[in-house]
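Top to bottom, those sequences are chains A and G. For the record, in the first sequence the residue sitting at position 338 is 338 according to my numbering, with numbers rising by one throughout. For the record, in the second sequence the residue sitting at position 279 is 649 according to my numbering, with numbers rising by one throughout.
Treat the hints as calculated values from the structure; they're not laboratory data. Warning: the hint list may mix true and false statements.
To be verified - With a straight-line Cα cutoff of 20 Å, these simulated DMTMM-like cross-link-like pairs (lysine to aspartate or glutamate) come out:
#, chain 1, residue 1, chain 2, residue 2
1, A, K276, A, E309
2, A, K245, A, D44
3, A, K136, G, D688
4, G, K615, G, D722
5, A, K136, G, D414
6, G, K615, G, D414
7, A, K10, A, E22
8, G, K646, G, E483
9, G, K684, G, D713
10, G, K506, A, D144
11, G, K506, A, E321
12, G, K684, A, E113
13, A, K276, A, E168
14, A, K314, G, D688
15, G, K638, G, E678
16, A, K10, A, D44
17, A, K136, A, E113
18, G, K506, A, D44
19, A, K136, G, D713
20, A, K276, A, E159
Unchecked claim - Derived DEER-like restraints, expressed as beta-carbon distance ranges:
#, chain 1, residue 1, chain 2, residue 2, range
21, G, K615, A, A286, 35 to 43 Å
22, G, K615, A, R242, 48 to 56 Å
23, G, N551, A, R298, 51 to 59 Å
24, A, K276, G, R687, 29 to 37 Å
25, G, N433, A, C27, 41 to 49 Å
26, A, Q208, G, I383, 40 to 48 Å
27, G, D388, A, N63, 32 to 40 Å
28, A, V160, G, E577, 52 to 60 Å
29, A, E52, G, G444, 13 to 21 Å
30, A, N181, G, E483, 57 to 65 Å
31, A, Q180, G, R687, 26 to 34 Å
32, G, G720, A, K276, 50 to 58 Å
33, A, R298, G, D388, 56 to 64 Å
We put the CB at the ideal spot given by N, CA and C, even for glycine.
Listed here are the chains, written in short residue letters.
Protein chains: 2
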Amino acid sequence: MSHIELRCPKCGITRPADMSAEACRDCGSPMDVGYLATRDTKGDTAPSPVHETSARVTLGEGNTPCVILNTIGGRLPLGRLRAKLEFLNPTGSFKDRGTATMLSVAGERGVTELVEDSSGNAGASVSAYAARAGIKAHIFVPADAPEAKLRQIRAYGTEVHPIAGPREAVTAAAIAYAQQNALVYASHMLSPYFAEGTKTFAYEVVEQLEDDLPGHVVFPVGNGSLLIGAFNGFNELLASGRIEKIPRLHCVQSRNVMPLVAAFNGQKWGPEDAAKTVAGGISIAAPSRQWQILEILRLTGGSAVAVEESSILKFQRDLAEDEGIFAEPTSAAAFAGLEILVDQDIIQQGDDVLVPATGFGLKDEPPPSS
Amino acid sequence: MSHIELRCPKCGITRPADMSAEACRDCGSPMDVGYLATRDTKGDTAPSPVHETSARVTLGEGNTPCVILNTIGGRLPLGRLRAKLEFLNPTGSFKDRGTATMLSVAGERGVTELVEDSSGNAGASVSAYAARAGIKAHIFVPADAPEAKLRQIRAYGTEVHPIAGPREAVTAAAIAYAQQNALVYASHMLSPYFAEGTKTFAYEVVEQLEDDLPGHVVFPVGNGSLLIGAFNGFNELLASGRIEKIPRLHCVQSRNVMPLVAAFNGQKWGPEDAAKTVAGGISIAAPSRQWQILEILRLTGGSAVAVEESSILKFQRDLAEDEGIFAEPTSAAAFAGLEILVDQDIIQQGDDVLVPATGFGLKDEPPPSS
Numbered sequence: 001m002s003h004i005e006l007r008c009p010k011c012g013i014t015r016p017a018d019m020s021a022e023a024c025r026d027c028g029s030p031m032d033v034g035y036l037a038t039r040d041t042k043g044d045t046a047p048s049p050v051h052e053t054s055a056r057v058t059l060g061e062g063n064t065p066c067v068i069l070n071t072i073g074g075r076l077p078l079g080r081l082r083a084k085l086e087f088l089n090p091t092g093s094f095k096d097r098g099t100a101t102m103l104s105v106a107g108e109r110g111v112t113e114l115v116e117d118s119s120g121n122a123g124a125s126v127s128a129y130a131a132r133a134g135i136k137a138h139i140f141v142p143a144d145a146p147e148a149k150l151r152q153i154r155a156y157g158t159e160v161h162p163i164a165g166p167r168e169a170v171t172a173a174a175i176a177y178a179q180q181n182a183l184v185y186a187s188h189m190l191s192p193y194f195a196e197g198t199k200t201f202a203y204e205v206v207e208q209l210e211d212d213l214p215g216h217v218v219f220p221v222g223n224g225s226l227l228i229g230a231f232n233g234f235n236e237l238l239a240s241g242r243i244e245k246i247p248r249l250h251c252v253q254s255r256n257v258m259p260l261v262a263a264f265n266g267q268k269w270g271p272e273d274a275a276k277t278v279a280g281g282i283s284i285a286a287p288s289r290q291w292q293i294l295e296i297l298r299l300t301g302g303s304a305v306a307v308e309e310s311s312i313l314k315f316q317r318d319l320a321e322d323e324g325i326f327a328e329p330t331s332a333a334a335f336a337g338l339e340i341l342v343d344q345d346i347i348q349q350g351d352d353v354l355v356p357a358t359g360f361g362l363k364d365e366p367p368p369s370s
Numbered sequence: 371m372s373h374i375e376l377r378c379p380k381c382g383i384t385r386p387a388d389m390s391a392e393a394c395r396d397c398g399s400p401m402d403v404g405y406l407a408t409r410d411t412k413g414d415t416a417p418s419p420v421h422e423t424s425a426r427v428t429l430g431e432g433n434t435p436c437v438i439l440n441t442i443g444g445r446l447p448l449g450r451l452r453a454k455l456e457f458l459n460p461t462g463s464f465k466d467r468g469t470a471t472m473l474s475v476a477g478e479r480g481v482t483e484l485v486e487d488s489s490g491n492a493g494a495s496v497s498a499y500a501a502r503a504g505i506k507a508h509i510f511v512p513a514d515a516p517e518a519k520l521r522q523i524r525a526y527g528t529e530v531h532p533i534a535g536p537r538e539a540v541t542a543a544a545i546a547y548a549q550q551n552a553l554v555y556a557s558h559m560l561s562p563y564f565a566e567g568t569k570t571f572a573y574e575v576v577e578q579l580e581d582d583l584p585g586h587v588v589f590p591v592g593n594g595s596l597l598i599g600a601f602n603g604f605n606e607l608l609a610s611g612r613i614e615k616i617p618r619l620h621c622v623q624s625r626n627v628m629p630l631v632a633a634f635n636g637q638k639w640g641p642e643d644a645a646k647t648v649a650g651g652i653s654i655a656a657p658s659r660q661w662q663i664l665e666i667l668r669l670t671g672g673s674a675v676a677v678e679e680s681s682i683l684k685f686q687r688d689l690a691e692d693e694g695i696f697a698e699p700t701s702a703a704a705f706a707g708l709e710i711l712v713d714q715d716i717i718q719q720g721d722d723v724l725v726p727a728t729g730f731g732l733k734d735e736p737p738p739s740s
């Protein structure tokens, strides 16, 4: 018997664990992993939906360093500003945490071929772990996706399917292809296992910073899988008595694609208002877990702010030139948001803050010259 | 008083520790760090030339994962074939180990501006750590260096000096510029501190693999700093009784640039025989520490083999498509060499082998399509 089931985080409905990315049949929310039996962890390691540890598909993801940013932190000014270098995961982004879990479950369920849609970090991550697991991956991408992004995806031997039209057309084509060919749709946006895998972020933060836990964690948010995973992890650590308080979790988006910021602040915004952003990793006009993200901001006392394109690029430069950290624009957006959160006194001078640097600067297009 | 001095690994002559990259005035060998006083380590951590731990310039380098390569390892066939994912260092290559130490020493000696020559991983690494330390970096590069390589170097705000002519002209220009402007020449090829920093590789391998230490470690070798550092580290661990035996350390080069392989095997080869190789990181026609490298191969029972360009590219593809590891061609060269070492029965079927995957595939030019 399985030690897990799938559980809707919104209405609580459950169903047996499977590889389907199908949403809750009642309320439409993506499902989460629920545990039927508590395992013998002492609350120090995240529970895992993988049955056999030996069957884990791993490239050594996680255990990324936390480094102090004295220059940027001193300028704001904050107490200790730390970056967790999530781009030092095996494919260069935090996605590997989620993918490792999703592909481990797929592997032990005998999946041999799967479908995903992403022209960015998730596409590269799923491709790499699929290659490692001996699973054939079909990655659906926008026909106009930049060659630099596709290069890494193709390197892992993935079959890339370019689709014309808007981003939603790519998702629709991926789902249709999976259905027609009876393949698993291993969506980083919808899979309960992907979201579950990102929980290790919180466990590591607590292990690394221990008694020095930051008051705030500031995330760049597209689909929100890292923010959701971090919250679920912190929540488990709170329940087990390992920590006394969950940090305030904040959401940063580009002003050009800001569904969550608008919803959080009661502003009108629709996918038709979306414009191109340098922060490609958070260019998601309709996040499938929007409800869950807003609930987490509310529960932890977090906030949601939108940032200018120019500020994203400025912080990308500052991170590299002042701190030696070459991150994607998407990652830099979180620091641009942090500046606003300090300006608005939501984060106060002297507070300790942690920001995940989610993706490697090497992965993106060359930034416009300064 | 300093706890270190500089010591010639060839003739034993010493001089007080300084930031000069000058070779031994007697025999011309680059100098190493020598320790005057033993510190209070229990042999578990590498001794460091840095006086104040709090002054360390760090981006969280090291602690890279070791992963098992079942597919490639099974094909050769070996016992356990492991890759240590050195490309998951902060700038995407193992160089960060050496750079962190070199820049920490520079920082505590009050260096504010330095010079280095490299169009590749070392240039990016020195740029990043210099940025972090608030030190201005001048990186001298060949005028025809590929834009993709320069992009990362420039991102850290480095001043890039393009120099026309052969690779040696670039080094000469860097040295001349350093002399004219009374700046430190922080050469990853010559600095004793850089070589010293790479020792942590061996300490980590022993900590991670413990009783399961591989019989062989196979390195792609250009200047040989990782091989030298690893040997020095293993040697300290042997002296302290932490390990009983040093693994056999092997050297792999491209057939197009093979000074060490030729010297090891008594073949005639000169810089005039060098041709272009896809393995840019080991395209060093006259390694400044050649004597030291050959001595290490001899002492550990290692060997030196040269590989074809086509084999390098084949293993780059195999690593990505079969194991999910996207490494530079330079890193793939070591696996191509491993195949030869097995063919020649130098490494025997069933042996345990470790190979460092030294640089991220994202850092290089797109490989020719297969």
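Status of the hints after comparison with the structure:
For the hint linking K276(A) to E309(A), the alpha-carbon distance of about 10 Å falls within 20 Å, and the restraint holds. This hinted pair checks out: K245(A) and D44(A) have alpha carbons roughly 16 Å apart, not beyond 20 Å. A distance of roughly 15 Å separates the Cα atoms of K136(A) and D688(G); the hinted pair therefore holds under the 20 Å criterion. Simply put, K615(G) and D722(G) have alpha-carbon atoms about 14 Å apart, close enough for the 20 Å limit, and the pair holds.
Taking the CA atoms of K136(A) and D414(G), the gap is near 43 Å; set against the 20 Å cutoff, the hint is violated. Among the hinted pairs, K615(G) with D414(G) is consistent with the structure: their alpha-carbon atoms are about 16 Å apart, no more than 20 Å. Proposed proximity of K10(A) and E22(A) is supported: the alpha carbons are some 15 Å apart, at most 20 Å. Proximity of K646(G) to E483(G) is assessed by CA-CA distance (about 33 Å); at most 20 Å being required, the pair is judged violated.
Taken as a hint, the K684(G) and D713(G) pair is honoured in the structure, with Cα atoms around 17 Å apart against an allowance of 20 Å. Distance check on the hinted pair: K506(G) and D144(A) sit about 39 Å apart at the alpha-carbon level, beyond 20 Å; violated. Simply put, K506(G) and E321(A) have alpha-carbon atoms about 10 Å apart, close enough for the 20 Å limit, and the pair holds. Proximity of K684(G) to E113(A) is assessed by CA-CA distance (about 24 Å); at most 20 Å being required, the pair is judged violated.
Between K276(A) and E168(A) the CA atoms are separated by roughly 15 Å; this keeps the pair inside 20 Å, and the hint holds. Annotation: proposed proximity of K314(A) to D688(G) is violated, straight-line Cα distance about 39 Å (limit 20 Å). Between the alpha carbons of K638(G) and E678(G) the distance comes to roughly 18 Å, so the proposed pair stays at or under 20 Å and holds. For the hint pairing K10(A) with D44(A), the CA-to-CA distance comes to about 27 Å; that exceeds 20 Å, so the pair is violated.
Restraint check for K136(A) and E113(A): the C-alpha separation of about 4 Å stays at or below 20 Å, so the hint holds. Taking the CA atoms of K506(G) and D44(A), the gap is about 42 Å. The hint is violated against a cut of 20 Å. With a C-alpha separation of about 31 Å, the suggested pairing of K136(A) with D713(G) is violated against the 20 Å cut-off. As the CA atoms of K276(A) and E159(A) are separated by approximately 27 Å, the hinted pair breaks the 20 Å bound.
Distance hint for K615(G) and A286(A): a CB-CB separation of about 59 Å, inconsistent with the stated range 35 to 43 Å. Distance hint check for K615(G) and R242(A): the Cβ-Cβ separation is about 41 Å, which falls outside the suggested range of 48 to 56 Å. For the pair N551(G) and R298(A), the supplied restraint of 51 to 59 Å holds, since their beta-carbon distance comes to about 57 Å. Between K276(A) and R687(G), the C-beta spacing of about 33 Å keeps the proposed range 29 to 37 Å intact.
At roughly 43 Å, the beta carbons of N433(G) and C27(A) sit within the given window of 41 to 49 Å. One distance hint, 40 to 48 Å for the beta-carbon pair Q208(A) and I383(G), holds here, with the actual separation near 44 Å. The hinted range of 32 to 40 Å is satisfied by D388(G) and N63(A), whose Cβ atoms lie roughly 36 Å apart. Judged by the Cβ atoms, the range 52 to 60 Å given for V160(A) and E577(G) is violated: they are separated by roughly 40 Å.
The hinted range of 13 to 21 Å is satisfied by E52(A) and G444(G), whose Cβ atoms lie roughly 20 Å apart. The hint said 57 to 65 Å for the Cβ distance between N181(A) and E483(G), and at roughly 60 Å that hint holds. A C-beta distance of roughly 30 Å is found between Q180(A) and R687(G), which places it inside the suggested range of 26 to 34 Å. G720(G) and K276(A) have their C-beta atoms about 55 Å apart, which keeps the hinted 50 to 58 Å range intact.
The hint said 56 to 64 Å for the Cβ distance between R298(A) and D388(G), and at roughly 59 Å that hint holds.
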